[in-house]
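Taking the hints into account, I'd like the entire structure generated from these sequences.
In order, the protein sequences belong to chains A and B.
Add 31 to the 1-based position in the first sequence for my numbering, that's all there is to it.
Add 2 to the 1-based position in the second sequence for my numbering, that's all there is to it.
Incorrect hints may appear among the rest.
Listed below are several chain A residues computed to face chain B (Cβ distance under 8 Å; list not exhaustive) [to be verified]: (1) Thr40; (2) Val42; (3) Ser156; (4) Val157; (5) Gln165; (6) Ile167; (7) Val178; (8) Val179; (9) Ala254; (10) Ile261; (11) Gly280; (12) Thr286.
These aren't lab readings, by the way, just hints derived from the structure by calculation.
Positions of the beta carbon are idealized from the N, C-alpha and C atoms, including for glycine.
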Amino acid sequence: MRNVVPVLTVVATLIALWYAGAVALNAPWAYDKAARAEVTLTFPELVADTWSQEKPKLPAPHQVATEIWNTTGAMIASGRPFSKRSLIYHSWITFSSTALGFLLGTALGTLLAIGIVYNRTMDMSVMPWVIASQTIPILAIAPMIIVVLNAVGISGLLPKAMISMYLSFFPVVVGMVKGLRSPSQMQLDQMRTWNASRSQTFWKLRLPSSMPYFFTSLKIAMAASLVGAIVGELPTGAVAGLGARLLAGSYYGQTIQIWSALIMAATLAAVLVGLIGLIQRITLRRMGMAA
Amino acid sequence: MSWLIAGALIWAVGWWINTRLARHPQNTAAQLAAPIVFGATLIAVWECLVWGLGIKLALLPAPSVIAVTFANSLNILWGDFLQTAIKGALTGYILGCGAAFLTAIAVDRSDFLKRGLLPVGNFAAALPIIGLAPILVMWFGFDWQSKAAVVVVMVFFPMLVNTVQGLSEADAMQRDLMRTYAAGYWTTLLKLRLPAAMPFVFNGLKIGTTLALIGAIVAEFFGSPIQGMGFRISTSVGRLAMDLVWAEIVVAALAGSGFYGAVALIERAVTFWHPSQRGRT
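In structure tokens:
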């Protein structure tokens with residue numbers, strides 16, 4: 032709790048900087064307009080103008096907030112929360128592929144980790160490639176993956192989810208391998224003295240003790256998965272999703288639209304990661320491991 | 003059909019070799035050989051599958067086709083590499099990591115700022131920062147400057163958070179010792195706290211390497227000159243020239259691994275004293 036004041040100060044400073052930046056970046060256009068209308072701007076007029084342009088280089092925070100309200104809250108109020116103009120609709124599209132990719136990636140990552148922990152051949156031959164796989168900038172080949180999968184007949188949610196999966200399985204593998212190996216030799220010996228079978232050792236010792244690692248990896252995987260979904264929406268000429276909003280905004284110079292999509296993406300990331308944090312706290316407390 | 007049988011056979015042989023190799027886990031040669039055998043097996047099986055199942059070139063080219071394209075278009079690939087990896091990614095990486103490093107040292111002097119900035123930085127590191135790419139392209143134009151700007155923003159926060167964490171690594175006892183030597187702030191910083199922070203700094207630097215390349219390539223999707231890896235990938239996908247796309251991916255993978263490897267080598271030289279580096283000479 033003692034962090035609240037410093038954090039708020041930093042956030043307030045950032046917003047102040049944002050307003051100042053909006054004045055600085057939008058001023059040339061404001062002067063330009065004034066020169067053409069043959070009036071001279073006083074400073075308050077300049078500030079007022081830079082904060083209310085239609086296509087500013089950097090929209091002021093309240094412009095973005097208004098845009099977000101118009102595309103979310105106002106849409107709900109008017110009874111059309113899932114209209115195509117509403118950000119809720121686009122966030123939902125992005126969220127669904129994020130969630131699917133995240134689930135697939137977590138499943139794949141956990142299975143690989145179990146294989147790596149229990150099979151030395153896999154450990155020696157697969158683990159280096161898991162690490163190497165992440166030096167390939169997968170996001171860069173996202174367009175190709177989507178085009179290829181479309182050609183095979185897989186379209187819609189799944190191609191985007193595949194990209195999310197590729198990005199999110201890695202932190203899970205690394206975290207789970209560490210977690211499944213975290214029981215000490217002493218604890219493993221204890222299981223042996225109880226004549227525990229391999230599967231009993233797994234379910235009663237290795238899996239429970241990997242949980243803290245598991246949740247930490249899940250948070251990273253969720254963030255990565257969201258990035259994957261957003262980038263996956265860029266190149267397909269996708270019509271829906273936060274990534275498509277970004278692309279459309281950049282084509283038509285709608286900066287306010289870009290920023291509102293960005294803020295929505297950030298909020299989505301914060302909510303999803305926070306949700307995992309909550310599940311983590313509840314699970315660990317019920318397992319008696321809460322710190 | 004014979005291709006498929008050959009593929010299955012190669013897979014079985016490769017796995018068998020690795021099972022044999024895994025019986026000597028302490029042997030350095032075996033440790034090196036196992037992943038190489040596995041990778042070679044994968045590529046061979048890929049080749050067999052493509053020919054055996056008659057997969058079209060437009061979907062998935064065989065490794066041999068990719069290799070030929072790679073060799074034939076070295077000029078294009080080299081130009082793209084210079085444009086994206088050197089001008090865009092490397093410039094941005096150096097600027098971003100440098101700025102984050104200096105910011106971390108400045109922030110470290112104030113406990114208030116540290117407590118405020120760390121949570122915000124952690125939050126920002128989890129955000130889909132790549133979404134800033136269209137805005138930065140709008141601000142800095144289509145050439146490599148905008149790509150470098152995207153990379154700066156992407157590597158900044160992981161680097162900042164890691165460095166700040168690293169700077170608090172030296173414990174009170176060690177700092178007291180520096181005080182008894184009458185060492186000032188700068189001496190303590192240079193001789194004790196920066197060296198102690200190095201493992202964390204390099205962690206940030208390593209995370210940054212992959213982010214930098216990704217940032218530079220994705221930023222090109224939003225507008226670029228007629229050169230660059232991202233440009234080549236998106237236009238070649240449009241022409242269904244998958245062999246060129248894959249050649250570009252090979253370049254990206256090589257650049258990414260090389261970049262990461264270089265940072266890891268420097269890390270080994272700088273933090274030779276750290277437990278994770280000891281005993282791996």
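Each hint tested on the structure:
no.	hint	result
1	Thr40	holds, 5 Å
2	Val42	holds, 7 Å
3	Ser156	holds, 4 Å
4	Val157	holds, 7 Å
5	Gln165	holds, 6 Å
6	Ile167	holds, 4 Å
7	Val178	holds, 5 Å
8	Val179	holds, 5 Å
9	Ala254	holds, 4 Å
10	Ile261	holds, 5 Å
11	Gly280	holds, 7 Å
12	Thr286	holds, 7 Å
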